[in-house]
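Visitor: Residues per chain are reported as follows:
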Amino acid sequence: MQPKTQQDDFRKLIEIEVLKTIKKLAEEGNITKEKIQAIAKNTLDLIQEGMTLEELYRNAVKLDDNFPELSPVVFTIMKEYEEKYEKKALTQVSDLIKTGHYDEAQDMVKKVLAFKVFN
Amino acid sequence: MAGAAVTEQRAPAAVEQSVAQPPPNSQQNEVTPREVQNGVAQIVNDVTEGAITGQNALKELSTGDFVNYKREGKTNPLTGEQGKIVGIQLDITEKKIRDLEKNPDFNSKENKVFFCDARIAIIQQRLAKLNKPKLSAVEQEEKEKLNKKVIEITDQRKEFVEETGKENVPNYIEGLAKKLLGNDAKDADLKSAQDDPLDFINKKLENAHDPGLIQNTVLELIPEGDERDNVKTVLDALKKEKDKNKRTPLLKALGALAALLFLIYKGSSKELSGGQQNGQ
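So the sequences go chain by chain: Z and S.
All residue numbers for the first sequence refer to the numbering used here, where the first residue is 653 and numbers rise by one.
All residue numbers for the second sequence refer to the numbering used here, where the first residue is 2 and numbers rise by one.
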């Protein structure tokens, strides 16, 4: 079970990134009111309280499926996720190798790879 | 922080809509870009000041009336208008956001190039699964969408590269595959390495007759550090171990390490094909 704060922090980061992008687009005059509404609604649909880190990540990478304007947000989210959460899994793999748990190490790497490929 | 001191509950957007005055320059349903900009700026600034949560801000933006957004006690910097009291739920603080932005990696152009590469690689994995003779309508639509996305991201990537003047196209697996297969590596082999890196590495290692070659190849690609020590330990054990049953877990470990390194170094600026190491 992941600590709730981790998930909340990640969710808030996603929300903030979306808001920053909307603000930037509005400042540039490149976005309509209706588009902002649609982006906000789409974000609220995809990013919800109570989701696990994995669910948040999987949904976050879909943010720009219909809104290419949000591609930079997705990049940032992927980076944050990989740096903060995925690297923990990699550290565990390293520890398993050091302690001779080779099968477990391979299983964990498979899971990480499968997760990346899935997304 | 002025916004942080306010703790009243935020009124629902619908209530605000009923009392909000239309912007002075609005004509019927026409909303000017300036009004849009103003409304968004007000809402996002309130988030920055910790006055409302990002989630509430998005809820506000999802309503049709966000251009009239006001917050009590706060002067609209564009119109000079004084806002009305609205509920506030302290959640994310300005400090937290500033802390996030202090991260030197945050939003850098170089990172965007890296993520373009990562996203293209991921999409290509999905496209590979759709590479079959008969596709359903849904699959066909998905394929077209993915192809379009690759083009979009490739264009973005080009822009980011032009902006930074930096190329950042590392591909650990392709580099490793070329090393193991030699310079005459076929596209099909490289593709199989891309499609299932772990399986590819495991097969290559199982079939390799020269552990020294593997050692040199793998170590050449890995800078000094824990991972290099791990790989070296496993490779040393592999060289000494002749019993096939005992070699299997070592090969598995090597496969796991190679995949691990793929994940770690695929985003670095190492030039893999030439064996040069200038990791960041």
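Hints listed in this document are in silico derivations from the structure and should not be mistaken for laboratory results.
Be careful, since some hints might not be right.
Calculated cross-link-like contacts (lysine-lysine; reagent style DSS-like; alpha-carbon spacing at most 25 Å) [as the list claims (entries may be wrong)]: (1) Z:Lys664 to S:Lys149; (2) S:Lys159 to Z:Lys664; (3) S:Lys159 to S:Lys149; (4) S:Lys159 to Z:Lys672; (5) S:Lys159 to Z:Lys693; (6) Z:Lys676 to S:Lys135.
These stretches of chain S come out as covered by chain Z in the derived footprint (C-beta under 8 Å, 3 or more residues) [said to hold, decoys possible]: (7) 47-57; (8) 62-68.
Partial pick of chain S residues on the chain Z-facing surface, computed with a CB cut under 10 Å [unchecked claim]: (9) Asn132; (10) Lys133; (11) Pro134; (12) Ala138; (13) Ile154; (14) Gln157.
For every residue, glycine included, the Cβ atom is placed at its ideal position computed from N, Cα and C.
Visitor: Each of the hints needs a verdict: does it hold here or not?
Guide: Hints versus structure:
Of the pairs offered as hints, the one joining Lys664 of chain Z and Lys149 of chain S is violated, with about 30 Å between alpha carbons and a cut-off of 25 Å exceeded. Pair hint Lys159 of chain S plus Lys664 of chain Z does not hold up; C-alpha atoms about 30 Å apart against a cutoff of 25 Å. About 15 Å separates the Cα atoms of Lys159 of chain S and Lys149 of chain S, which keeps this hinted pair within 25 Å; it holds. Our distance criterion of 25 Å between C-alpha atoms is met by Lys159 of chain S and Lys672 of chain Z, whose separation comes to about 23 Å.
Restraint check for Lys159 of chain S and Lys693 of chain Z: not satisfied, since their Cα atoms lie roughly 30 Å apart, outside the 25 Å limit. About 43 Å separates the Cα atoms of Lys676 of chain Z and Lys135 of chain S, which puts this hinted pair outside 25 Å; it is violated. Counting residues of the region 47-57 of chain S whose beta carbon lies closer than 8 Å to any beta carbon of chain Z gives 4, which meets the minimum of three for the stated coverage. Here the region 62-68 of chain S counts 6 residues with a CB under 8 Å from a CB of chain Z, which clears the bar of 3, and the coverage holds.
With its C-beta approaching chain Z no nearer than about 15 Å, Asn132 of chain S sits outside the 10 Å limit, and its interface hint is violated. At about 17 Å, the closest approach between the beta carbon of Lys133 of chain S and any beta carbon in chain Z exceeds 10 Å, and the interface hint on this residue is violated. Interface hint status for Pro134 of chain S: violated, as the beta-carbon distance to the closest one in chain Z is roughly 23 Å, over 10 Å. Residue-level restraint check for Ala138 of chain S is violated (minimum Cβ-Cβ distance to chain Z is 18 Å; threshold 10 Å).
The restraint placing Ile154 of chain S at the interface with chain Z holds, with a minimum CB-CB distance near 7 Å, inside the 10 Å limit. The interface hint given for Gln157 of chain S holds, since its Cβ lies 6 Å from the closest Cβ of chain Z, which is under the 10 Å cut-off.
In terms of the numbered hints stated before, the structure departs from hints 1, 2, 5, 6, 9, 10, 11 and 12, listed from lowest to highest.
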